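Quick mapping for you: the protein sequence lines, in order, are chains D and Z.
Under the working numbering, the very last position in the first sequence is 1320; numbers go up by exactly one each time.
Under the working numbering, the very last position in the second sequence is 728; numbers go up by exactly one each time.
Calculated from the structure, these hints are not laboratory results.
These numbers come from a predicted model, not from an experiment.
Every residue gets a Cβ at the ideal spot worked out from N, C-alpha and C, and that includes glycine.
Treat the hints with care, as some may be off.
Unchecked claim - Examples of chain D residues lying across from chain Z (beta carbon under 7 Å, computed):
#1 K1165
#2 Q1168
#3 N1173
#4 Q1190
#5 L1257
#6 R1304
Claimed, not checked - Output of the computed footprint for chain Z on chain D, the stretches with three or more beta carbons under 8 Å from beta carbons of chain Z:
#7 1153–1162
#8 1195–1201
For reference, the chains in residue letters:
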Amino acid sequence: MDKTDEVLVRECLNGDKESFADLVKRYQDQVFNLAFRMTHSWADAEDMTQEAFIRAYRKLETYRSEYSFRNWVMTICANLTKNVFWKRMRSQEVEQLHFELRYLEEKPDASVDREALEKVLGRLSPALRVPLVLKYAEGYAYEEIAKILNIRVSAAKMRVKRGRAQMAELMSAAMHVRGK
Amino acid sequence: MSIDRKKQDYDEQDAVKWIRNVRVKAPDGLLDRVMEALPDAPDKAAGNVISGMWPLGKSWIMPALAGAAASFIFMAGVLFCIEKNRNSNVLVTFELKSPGAEKVELVGSFNHWQPGTVVLEGPDANGKWSATIELPKGRHEYMFLVNGGTWVTDPSAPVKKSDGFGLENAIIEI
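Produce the entire structure from the sequences given, and follow the hints as far as they go.
Below, the structure written as C-alpha cells:
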C-alpha cells in the first residue's frame, strides 16, 4: 500500500530525502499542468514546477498536515508563477502554441482533436483557463481552486462558468471558419 | 464529439468534455532535476531550534534531583534566549496609498510569499493602507497584493530588485 503524504513528509523531515521523490512523482504532472496553464510556456512551466518542489522541500517544516500536501505545493507553484500569469492576463496575450504532442497525456477518447483544443485554450484568458482546467481536467473542488489561486469561492465558480461559455464560443467560431 | 469536424456549434457540455482531455504530463527527467537541485535537508523552522536543544530519552527523567535543578537552569536559559531574540526583532510599518483598493496584502520573503497572512488596514481618509509587523533584522523582499490579483511594488522603497518576471520586488534592510 502506498504511503500517505503525511508519512512521506515525516520521513523527509527525519532525514530520508528519497521520500520526497515519491511526493514529486505523485504530483509533478498536476503541478506542471497548473504552471503550464498559467504561463502557457513549456520552458517557464518546467522552471516553475522545479522551483515549486524545491521551495516545498526547503519549507517542509512549515507544512501543516491538516492541509493537503498536493494543495500546498500547488499553492506554492501558483504564487511563484503569479507574475507571469498576471502580466499575460493584463496584456491579453494570445499565443500561438507549438504544442509538443509527446507531452500530452493519452486519453481513451481518441476522437478529441488535441491540437485544436490547445489552440482554443491558448486564446482563453489565463484567469479563466486555469480554474477551468483545475476543475475539469484535475477534478479540484471550487474551494480548493479558490485557495490555490487566492480568490473567493464565488469568483472561482464564476470563472469556471465563464470559461465554459467562452470555450464553447471559441470552438464554434473556429469550426465555422474551418467549415468555410 | 469533439472537435467534431462536421459540427459547427458547440455548447458548454461540449466544452467540459474537451477540458477533461487537456491534462499534460511533466517533462521526462523533471523528477531527477528536482532531486539533484534539492538542498541536503529542509530548512530548520525557528521553533525547532529550541525544541532541538531539549534533551531526549529517559536520561532526562532518571536523574530526578539533578534534572529538577538542570531543568530550572535550562528553562531560564531558554527564556533568556527567547527574550533576547524577541528584542532583536524590529517593528516595521508598511504603507501603500491605494484609495480605490478593496483589499491590500503584504507578501514577501518573511512570509514565504504567501498571501493572506498580512492584510493591511485601511484605507484612511487619505486612501492610505498600513500594517505594522515584527521582522527579524536582515534583508527582506516584499510586494503588495491589491484586491488579490494586482502586484504592486512599494513606490517608497529605496531599493528594488527585478523579480525576473517583469516586475520588481521592494527591498528593506533592517
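Here's how the hints hold up against the structure:
1. K1165: 6 Å, holds
2. Q1168: Holds - the Cβ of Q1168/D comes within 7 Å of chain Z, reaching about 4 Å at its closest.
3. N1173: 5 Å, holds
4. Q1190: With Cβ-Cβ at 5 Å, under 7 Å, it holds.
5. L1257: 5 Å, holds
6. R1304: 4 Å, holds
7. 1153–1162: holds (count 5)
8. 1195–1201: Result for this restraint: holds, n = 6.
Hint compliance for this structure: no hint is broken.
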